[in-house]
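Residue numbers (the working numbering): 3 to 236.
Be aware that a few hints might be false.
What the hints assert, rightly or not - Once the Cα atoms are required to be at most 20 Å apart in a straight line, the calculated EDC-like pairs of lysine to aspartate or glutamate come out as:
{"#": "1", "residue 1": "LYS89", "residue 2": "GLU148"}
{"#": "2", "residue 1": "LYS215", "residue 2": "GLU148"}
{"#": "3", "residue 1": "LYS221", "residue 2": "GLU116"}
{"#": "4", "residue 1": "LYS54", "residue 2": "GLU86"}
Hints are computed from structural coordinates only; laboratory data are not their basis.
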Amino acid sequence: MIPWPHTGRVEVRHRLARTISNLGILYSMTVSSLLKTPHKPVPLITTRSFRKLVTRINRSIVTERLLLSRTIYEPPLRGYFPMEDYKMMIDIVEHLVNLINGLEYTLHGLNGTEWKTDLAGVLTPSKCHYITHILTSFHILSTALENGIPLPPYNIVASGDTKFGKVGLGSRISHKISRSASELTKIDLETQAYACYCAYLIKTSHLTNELLKLVRVVKRLVGVNRYVKELCDF
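Use the sequences and the hints to build the structure in full.
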């Protein structure tokens, strides 16, 4: 159902906020399937709950694009409407759902292999930091966009120069690979599991980059809490 024109812009913002919140749920499901090692693992990508959530997010993205295209017919009652920023946000959200879905697809190819054990072993010591950063970012962005409140004046995503960011996680993964690189054979490198392992690492890096882009777009829309910033700078 398409809302009335004077509520279309607000509806786009609220729907995007709910979509970002669902992305956090989807990512938590994917990480949970990696860290948990049951006796008989059931691929998450084949479960009804995962596929239903992915379908719901994709349908929401289509609706958001439609609503955004109708906003050009609305009267500018509240001044300038940053349509380009909303277009960019929808594109980023679409990239994120594809990346998270791709992460789970690659994990499906790692089931029962030592590569999945290595990934879980790397994430386990730092899961309270790296994964928490990602999930907290989804929650803060969704809340700020839903209520139109400014973001905190500090990085809510672990950037590359932090020990919990891409560099810190990448160094641990590289160290894990370098320790076992001498034991790898040509047959190991030609297996599907190794290809899925490399694809998972690449998609994880892209996920962090897209999330940083999303933070910058939301920051342009809702701004930064200048009072807290002045207190921090004091």
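* To do: Starting from LYS54, check that the Cα of GLU86 is at most 20 Å away, please.
  => violated (30 Å)
* Asked: Can the restraint linking LYS89 and GLU148 be considered satisfied, given a maximum Cα separation of 20 Å?
  -> holds (17 Å)
* Assess, step by step, whether the Cα of LYS221 is no farther than 20 Å from the Cα of GLU116, and give holds or violated. => violated (41 Å)
* Restraint status (C-alpha distance of LYS215 to GLU148 at most 20 Å) -> holds (18 Å)
In this structure, the earlier hints numbered 3 and 4 are contradicted, and the remaining ones agree with it.
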